[in-house]
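Engineer: Read off the chains here:
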Amino acid sequence: MNLLYSEIEEELRASVRDLLHDRSPIEAVLARVSADQGYDPALWRALAVELGVAGLQDPAAGGSLREVAVVLEELGRSLAPTPFLGSAVLATAALGGDERLASGERTGTLVLPFSGGAPSVRETGGRLTGRVTSVADALTADLLVVPVVGGALWVVERGFTVTPRTSLDQTRPLADVVLDDAPGQLVTEDPAVLEHALLTGAGLLASEQLGIAEWCLTTTVEYLRERRQFNRPLGSFQALKHRLADLWLEVVGARAAARAAADALASEAADAPLLVAVAASHCGTVAVRAAEECIQLHGGIGMTWEHPAHLYLKRAKADQLALGTPGHHRARLAELANLPA
Amino acid sequence: MNLLYSEIEEELRASVRDLLHDRSPIEAVLARVSADQGYDPALWRALAVELGVAGLQDPAAGGSLREVAVVLEELGRSLAPTPFLGSAVLATAALGGDERLASGERTGTLVLPFSGGAPSVRETGGRLTGRVTSVADALTADLLVVPVVGGALWVVERGFTVTPRTSLDQTRPLADVVLDDAPGQLVTEDPAVLEHALLTGAGLLASEQLGIAEWCLTTTVEYLRERRQFNRPLGSFQALKHRLADLWLEVVGARAAARAAADALASEAADAPLLVAVAASHCGTVAVRAAEECIQLHGGIGMTWEHPAHLYLKRAKADQLALGTPGHHRARLAELANLPA
Amino acid sequence: MNEADLRTRVHELLAAYPPSEVDTLDFLRARFDAGLAWVHFPLGLGGLGAPRTLQAVVDAELTAAGAPDNDPRRIGIGLGMAAPTILRYGTAEQQHRWLRPLWTGEEVWCQLFSEPGAGSDLAALATRAVPDAEGSWRVNGQKVWTSSAHTARWAILIARTDPAVPKHQGITYFVCDMTDPGVQVRPLRQLTGEAEFNEVFLTDVRIPDSDRLGAVGEGWRVAQTTLNNERVAIGGQRTPREGGLIGIVAETWRERPELRTAELHQRLLQHWVDAEVLRLTGERLRQQLAAGQPGPEGAGGKLGFARLAQQLTAFEVELLAEEGLGYDDWTLRRPELVDFNGREAGYRYLRAKGNSIEGGTSEILRNIIAERVLGLPPEPRTDKDVPWKELSR
Amino acid sequence: MNEADLRTRVHELLAAYPPSEVDTLDFLRARFDAGLAWVHFPLGLGGLGAPRTLQAVVDAELTAAGAPDNDPRRIGIGLGMAAPTILRYGTAEQQHRWLRPLWTGEEVWCQLFSEPGAGSDLAALATRAVPDAEGSWRVNGQKVWTSSAHTARWAILIARTDPAVPKHQGITYFVCDMTDPGVQVRPLRQLTGEAEFNEVFLTDVRIPDSDRLGAVGEGWRVAQTTLNNERVAIGGQRTPREGGLIGIVAETWRERPELRTAELHQRLLQHWVDAEVLRLTGERLRQQLAAGQPGPEGAGGKLGFARLAQQLTAFEVELLAEEGLGYDDWTLRRPELVDFNGREAGYRYLRAKGNSIEGGTSEILRNIIAERVLGLPPEPRTDKDVPWKELSR
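Note that the protein sequences, when read in sequence, are chains G, A, Z and R.
Per the UniProt record's numbering, the first sequence starts with residue 1, numbered consecutively.
Per the UniProt record's numbering, the second sequence starts with residue 1, numbered consecutively.
Per the UniProt record's numbering, the third sequence starts with residue 1, numbered consecutively.
Per the UniProt record's numbering, the fourth sequence starts with residue 1, numbered consecutively.
It should be emphasised that the hints constitute simulated quantities derived from the structure, not laboratory data.
Possibly wrong hints are sitting among the right ones.
Listed below are the simulated BS3-like cross-link pairs for lysine-lysine, each with C-alpha atoms no more than 30 Å apart in a straight line [to be verified]: (1) Z:Lys384 with R:Lys302; (2) R:Lys384 with Z:Lys384; (3) Z:Lys302 with Z:Lys384.
Every value quoted in this text rests on a predicted model; they were computed, and no experiment measured them.
Turn these sequences into a full structure, and let the hints guide you.
Structural biologist: This is the structure we're talking about:
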């Protein structure tokens, strides 16, 4: 088990961070949200096509799920408005790799409610019908990977409509997908593929949550170092220091857990499901706590629309529900670690 | 619902507190524990016979469960080594009052494991046989109230042996009771009587837990006001202040909850079982937390045998298990408040 | 003035101004003039110098008769904060000018206290008031978190009149005319999407010296009256069992078994206990007050409420699962009142974050409890005896 | 000195002193003299000046050959705290006198740092050392929390030699002969019933100036070496999944279904996650150290361990229900080592309370993390520049 970042991974992180810093500073993200502008296609092109991060899941092309996790950390830290999770993580995992998605020229997503649940779409004679609500990254998707009742996976490229929903997470808006006798191509009949794609998604989402938590911790520490009340920096008040020390310890744990899950998924370790459950439970909780502390310790300013803290709170809270809540993952753990009710 | 203390209740508290202050200061309790001396018969005589607190459960004699609760607060605060809970609360409630117990001349207890559980003693032709472990206040009891399989209650005055157990709570040692064909007198066949006695016990134990929590909070605040480190009173450090403010809020809640339970039991209110579940859940948790904070914030000195804090920790932890854990009481609440699993 | 006298007065008012026949404003003015507005206020200022507890008698009679009220939530700052301060520190002239239209709601009031650089440390405020040649004051600065600023006719305002003395000593308390051309109001959007509050920019705003409350340099003490009344107003609401947010959550739980999990069940039970304990705590506090035994427990109410509200709303979003991922409306609105019940779970979750900040942060409340209730010593301070202008910012 | 050279040396030692034939002490002395005690120590002091990482090679070879070890847990204070300090600050003579019998375990060491009035604020210590007419020091004072004091031959001691300067400046570091008639050791009983520690009373204890470590007045700096090594020793243990307390609890859970409840199940799952996260955190830290990238994460290990240990032991007592009401043994004992596994749940619960106090309280650790790791500013201090004798106590 390798819990560190390799040199290549650190280089990847630096490239992604530089790009996001230039093309998608948090002020720009906030401006897009305020103008209801959704994802940024130019940003996606720079990230996916030029930097090539959409194809990192493919070991044959030199990629690894460990690297995908690094990208997600940076996307969590920046809240950059892109369909990376839906396309480069979920759809790609469900398809076992896909050239169109890997190139970044097209995007896809996995058509299930973001909060999880069994497939409800029905397939008859290669045509799919059904309505799936609260799908992530569907608004811009060219290609839908659709699980149908029973767990088989189909790809659909036309015959569907997508309607946006008003979403708690303003930087990853959800949408409803309606398939009306849409022609599909069978990917696999094996429901284990879907299951593994969801496991991969939940395990890697922990890295996004780590990125969120780190931004919130760092930003709060910086604010408290600067902001003065009572003729002292706020950060010199012991009660706040102790809370941040405790939060720091949780974030340190989140990094270890997220790395462990990514490494186990990448190396197809036998205990990958267990480490995913641990990481998803821990990181989902830590990201929300970090965002909540960030808001509270910024005082009034953290409650304003113009300060970006709320975007992280909304993302953290939505991520906590996404692909299974921490409680759901602990329930899985009861089986995986032999701790029966 | 009256959540205050009446003048009579405040006078009762003052008498009990004065007596315990004179006859059973905490240093004396610690000395008894260190010498393995058990309950103090002279103290019991002063409290029960002279002050008359053993008969407070009887409304006909002008008493009330509200007053019993006040006595328990003071016993929690002082950890005075007496069989009040077993005799004046549990056995008395099970018997629906008893002159011998009310006078304080004799003591009794309810023969069930202190942690709860269904009766296991068998009765045949008026004779009782069985072994009941971890019974509170049995070591000095003259009169046993024995629940038998099915829930009927019998009184046994001879034909039993009592063996002390090494107990976590050193100020309320438990014992095992063996009944070997012991002659008994039937109290009631109605299992509701036992149930109500246990409800009364759990509801009033919350007042003892309140007393424990108050001692721990007060003692910690006093210590932190006096103890200086870094050229300041420890109590001026903000992180400690905030923890104590939070603890204070929980203790304030414990007082309201314990009072509500006592008042509801005294007035036979319809929501008494619900208020007992709330008080037992909250106060059981608060007492332990207060005792744990007391130990931690006293630093090394709180870890020593010679400081009494550990006696409160042991009592608080044992009380948390007694007559149902907080989790058990919340499970009851699921039924009582219509919050099904 | 006893209960029977009061009822007589109410019936006289109702007879002279039958609610179904007269204009609401006329009725409210007449009620004020009859001393039935706030009976504990003095004669001539809407009251009768009667015990405060008798107000309930008046309110019940008037409600039963279908009389209109003055919509107290809409004018809460005037009623709860400005009025007690004007009563205590205002001149007779000021009291007669301001209290009647304040109470009837003809003139809405707002509060200009907090500043971007002075939040928890309110006494550090930097808005300056300087005397001009005509004996008026000229005010410059920026205030924030002002609700009702866009509808208000008057504001209570604190500003620095002497920067050369320690911060608590150089403050003066004014009433500011919100129609002054130097007052600019800008909505302040919050994380919920709404703008409940405003930023207020003050540029050479003129305030006649006759609109000062209390002496020059005494503003901090005057402001304590305002702030103490704020805290009472926030902490003192009575709720039945399962009142408030716990009721919303419990209802969802009962009605939608498909959302239940073992984990959520344990959390719900814990929250239910916490809510009931907080309710009992408030009930005990009210019984103490009614018995004339005010305890220190009041200080904890807001702290406990904020924590519970945040836990419950976070729980509700999780409980709703897929629905929790949605939001009802991000439109920028300027609501007159906060309404937790009229919105969805996501709104409640976000809005509840403010409960531990507005009206005194939970951190400041813990300081207050530790020092004033528990008697723990203060931290070493470096800001109390230094001239304001020498403090770091 | 590479790995192969080391193996050769080990084999030479084993050939000259076959473990099955020679006395343990003879073997340990020979091992020390061969430079195989701690290979990173200098030649002649039990080492070879080799990289620290190569010690593992030696240990593995010797263990495989069935060689005796020096029972490192029994003499942990000497190995972990005294030795690094003597190595850094001791004279050549001191090093040769003390290190060999320290390492072989012939001479046990203890630590005389904490005092009843100087716990978290160790630098406030009041034990005085005053020069006598013969050029020795005379020491008076009381120390506390001293493990092994009753078996120790030597103690590392800090005492105040100049009360007129600020507290950190007037301290000197000594080695104290525990057989001096002025040393009185009294067992200190703890809440568990045991006496792991002692109080040590020092009355006119004579310490020759040649037993001073470092310069007069430099004791605080010398003590940092000692304390930094303590923290490393406490934080650095590796555990397999379900190692430690979580394993005990999980086993009970699996073996005794009758104890399970829905509430306890949720708590167990949460604790299991916490334990695994803490284990992964430690594992990541070790990988960082091995890769030469020491991170700041080490500071958190003890803090996290203490919290988890306290939660798990509290849970275990509740899980055991009736058994949790019992205790194994209140007898006053003086154990050489703390053994969580050899005792019952009640003992573990009580003993774990010490985890957040001994070796740096959790409060002090949070201060350290906040300031040294996160870079948050210190609190205002009034104790740093004042002469020790003027500080309030």
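Engineer: All hints, please: hold or fail.
Structural biologist: Now for the hints, and whether the structure bears them out:
1. A hinted pair counts as satisfied when its Cα atoms are at most 30 Å apart, and lysine 384 of chain Z with lysine 302 of chain R does not qualify at roughly 39 Å.
2. With a C-alpha separation of about 22 Å, the suggested pairing of lysine 384 of chain R with lysine 384 of chain Z holds against the 30 Å cut-off.
3. Restraint check for lysine 302 of chain Z and lysine 384 of chain Z: the C-alpha separation of about 27 Å stays at or below 30 Å, so the hint holds.
Checked against the numbered hints above, the structure violates only hint 1.
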